[in-house]
Amino acid sequence: MSRKKIDDILRASTPNFSEFEFSRIKISETAYLKLGMYAELVPEILGMDVEWAASL
Amino acid sequence: MGGFLIGERGSSVVEDIVLFPEQYVSQVEYFGSPHAQADLLRNISAEKKRVIGWWHSHNHMPAFHSGQDDRNFESLFNSVAPYNRIKLGETRIPVKSVEDVILEDGSHGVRIIGSAGSSDIVLSGISSGQFGQAFELEEITSGFAYSIVVSLSKGKSFYAEVLYELPYTGEPVKLRGVPLEVITSAGSSGGPCVLRDALAEEIKRKVRISEGESEYEGFKSESVPEILAENNKRAQDESSSGVEDKLKSSQSRFKENGNECVESIEGVLFSLSVPPELLYQPELRNGEQLQKYSEEKSPIDLHKSLNQSLDEGQLYLVERLLRKFGISLDNFRVSRRRFR
Chain A
1 MSRKKIDDIL RASTPNFSEF EFSRIKISET AYLKLGMYAE LVPEILGMDV EWAASL
Chain B
1 MGGFLIGERG SSVVEDIVLF PEQYVSQVEY FGSPHAQADL LRNISAEKKR VIGWWHSHNH
61 MPAFHSGQDD RNFESLFNSV APYNRIKLGE TRIPVKSVED VILEDGSHGV RIIGSAGSSD
121 IVLSGISSGQ FGQAFELEEI TSGFAYSIVV SLSKGKSFYA EVLYELPYTG EPVKLRGVPL
181 EVITSAGSSG GPCVLRDALA EEIKRKVRIS EGESEYEGFK SESVPEILAE NNKRAQDESS
241 SGVEDKLKSS QSRFKENGNE CVESIEGVLF SLSVPPELLY QPELRNGEQL QKYSEEKSPI
301 DLHKSLNQSL DEGQLYLVER LLRKFGISLD NFRVSRRRFR
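Chains A and B supply the protein sequences, listed in that same order. FYI, the numbering for the first sequence is 1 to 56, going by my numbering. FYI, the numbering for the second sequence is 1 to 340, going by my numbering.
Hints listed in this document are in silico derivations from the structure and should not be mistaken for laboratory results. The structure presented is a predicted model; accordingly, all values stated were derived computationally and were not measured. Treat the hints with care, since some could be wrong.
Here's a subset of chain B near chain A, in silico, CB distances under 10 Å, partners left out [stated by the list, open to error]:
hint : residue
1    : SER11
2    : LEU40
3    : LEU41
4    : ASN43
5    : ILE44
6    : SER45
7    : ALA46
8    : LYS49
9    : ILE86
10   : VAL150
11   : VAL207
12   : ARG208
When the alpha-carbon atoms are kept at most 25 Å apart in a straight line, the in silico BS3-like pairs for lysine-lysine are as follows [said to hold, decoys possible]:
hint : chain 1 : residue 1 : chain 2 : residue 2
13   : B       : LYS206    : B       : LYS156
14   : B       : LYS174    : B       : LYS206
15   : A       : LYS26     : B       : LYS48
16   : B       : LYS49     : B       : LYS156
17   : B       : LYS49     : B       : LYS206
18   : A       : LYS26     : B       : LYS174
19   : B       : LYS48     : B       : LYS156
20   : B       : LYS156    : B       : LYS204
21   : B       : LYS174    : B       : LYS204
22   : A       : LYS26     : B       : LYS204
23   : A       : LYS26     : B       : LYS87
24   : B       : LYS87     : B       : LYS174
25   : A       : LYS26     : B       : LYS49
Don't be surprised by glycine CBs; every beta carbon is placed ideally from N, CA and C.
Next comes chain A alone, as it looks inside the complex (with noise of 0.2 Å):
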């Protein structure tokens, strides 16, 4: 069954269904904050903010 199929089988049957459920991921802004700072404390932390970026 295509993906169109079943996208429509889901709002024929679900009112308040008006957009597909992982057209997006729904973050917690706890989950999203910690996320942010972990990666910015890590070169910071442990001394990765090198110049080897420019290598790859």
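Got chain A sorted already, so can you dock chain B onto it with the hints?
Just chain B, lined up with the frame of chain A:
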């Protein structure tokens, strides 16, 4: 550096993230101890949470999925999607008719004639008047997993992918470049409390820089498949026992009230002893093999489960599940069972 995305059972929202507990980080990859990850998974499970995805940082490399990231994500999806099922919707298909019949042994019963291609079901010991408004309830569910990459290249940026199963067929579908939607807690004042110092201490405790592979060679020699198999078995046992209890309580209510529907499709799935991973093994999607698998490996016998009392709602779901595997209800002598 990386970790898991955590959510509530039956929900698709990322509620929290955790850092892998023991990991070595190099410029281009990281590697976590499988044993430490297994401990982490046990803790997450004990808190009644679910791993719904994986995140990792690319430091100063742009946010995208490398080939290795793709393989890691697909592996995670195969591990967690069977347990991360969410309801996308439901359809209600009216039953075509319910008629009273006299069975071969002379007892009275009903024949349920379904629609949408479903086969007839014959039940003994009940009459059509007990059905009221009969319909087939079809839940539309999907298993899924997320992957999020965070990068500091040209400022902080996020890249996300979703792997989910097409309902009905189970075929995996990958969505690339999926946007994040940040959910703000209602009623919270002052915003969320994320303590930078605490996270910094956590990173110092859990993450080590690797100059080469020597530091984590030892981890790589650990038997990852064995650990995963152990975790899967534990998760399966845990799920099975929980739903077994649910099924028992559902059956006791049935004896008191006559006709009452099962609480969830999952209950029926497990009452049939169909391990969740079975649904993801194409070679087992065959009636004969399923039955063999069930008899040999399952803690609950398929026949025994079906010989227990089921109400019509449960029975429909059983029939639907069996049909998915190409098994006819007639093979299980449903029409000869007597209902109280």
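Problem set entry | Interface hint status, B/ASN43 versus chain A (Cβ within 10 Å) | With a minimum Cβ separation of about 17 Å from chain A (threshold 10 Å), the hint on B/ASN43 is violated.
For this session: May I ask you to test the interface hint for B/SER45 with respect to chain A, counting a Cβ-Cβ separation under 10 Å as satisfied?
Result: violated, 19 Å
For this session: Decide if the proposed pair is consistent with the structure: B/LYS156 and B/LYS204, CA atoms, cutoff 25 Å inclusive.
Result: holds, 21 Å
For this session: Could you grab the alpha-carbon distance between B/LYS49 and B/LYS156 and see if it respects the 25 Å cut-off?
Result: violated, 28 Å
Exercise. Has the given pair, A/LYS26 with B/LYS174, been kept, meaning a C-alpha gap of at most 25 Å?
Worked result: Judged against 25 Å, a Cα distance of about 17 Å means the pair holds.
Problem set entry | Given hint B/LYS206 paired with B/LYS49 - CA-CA distance at most 25 Å | Given that 25 Å is the threshold and the Cα spacing comes to 21 Å, the pair holds.
Exercise. Within a Cα-Cα threshold of 25 Å, do B/LYS174 and B/LYS204 meet the stated pairing?
Worked result: violated, 34 Å
Problem set entry | Agreement of hint B/LYS49 with chain A interface, Cβ distance less than 10 Å | Because about 12 Å separates B/LYS49 from the closest Cβ in chain A, which is outside the 10 Å limit, the hint is violated.
For this session: Tell me if B/VAL207 is really an interface residue toward chain A, meaning its C-beta lies closer than 10 Å to one of theirs.
Result: Check passed: Cβ of B/VAL207 comes within 6 Å of chain A, closer than 10 Å.
Exercise. Holds or violated: are the alpha carbons of A/LYS26 and B/LYS49 at most 25 Å from each other?
Worked result: holds, 16 Å
For this session: Decide if the proposed pair is consistent with the structure: B/LYS206 and B/LYS156, CA atoms, cutoff 25 Å inclusive.
Result: Within the cut-off at roughly 23 Å; holds.
Exercise. Holds or violated: B/ILE86 as interface residue toward chain A, Cβ cutoff 10 Å?
Worked result: With Cβ-Cβ at 7 Å, under 10 Å, it holds.
Violated hints, in rising order: 2, 3, 4, 5, 6, 7, 8, 14, 16, 19, 21 and 22; the structure is consistent with all others.
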